[in-house]
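**Q** Numbering (my numbering), first residue to last: 1 to 73.
Check before you lean on any hint, since a few could be wrong.
Computed spacing ranges between beta-carbons, pair by pair [unchecked claim]:
no.	residue 1	residue 2	range
1	Phe-50	Ile-21	23 to 33 Å
2	Glu-49	Glu-13	42 to 52 Å
3	Ile-24	Ile-55	29 to 39 Å
Worth flagging that the hints you see were computed from the coordinates, not collected in a lab.
Using N, Cα and C, we set each Cβ at its ideal position, and we do this for glycine too.
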Amino acid sequence: MYWFFRIFGYSPESWADWQVIFMITLCIILYVWFVIEVVRSKKGFGYREFARWAISFVKKEQKIAPNKNGKNN
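Turn these sequences into a full structure, and let the hints steer you where they fit.
**A** Shown next, in the form of structure tokens:
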């Protein structure tokens with residue numbers, strides 16, 4: 001990894017530089033994984049399924065939390 005950045009003329013010296021490199025590498029890996037998953041699934045990412053899951057999750061969380069009167073929904 002160090003020589004990879006040395007080739008492009010950037011020499012990471014401090015710990016903060018290595019943290020930035022690690023975060024950028026992690027984001028690239030996650031993005032590539034996301035693209036592979038989208039390409040692999042035939043119908044795309046499935047935003048409707050994700051929206052249904054998110055709405056059901058929010059409703060479940062709202063049922064647990066009491067409202068202003070102190071009663072559960």
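**Q** Quick check on a hinted range of 29 to 39 Å for Ile-24 and Ile-55, using CB atoms only.
**A** holds, 33 Å
**Q** Between Phe-50 and Ile-21, does the beta-carbon spacing fit 23 to 33 Å?
**A** Holds, since Phe-50 and Ile-21 (Cβ atoms, about 31 Å apart) stay within the stated range.
**Q** Do the Cβ positions of Glu-49 and Glu-13 conform to the proposed distance bound of 42 to 52 Å?
**A** At 46 Å between Cβs, range holds.
When held up to the earlier numbered hints, the structure conflicts with none and fits them all.
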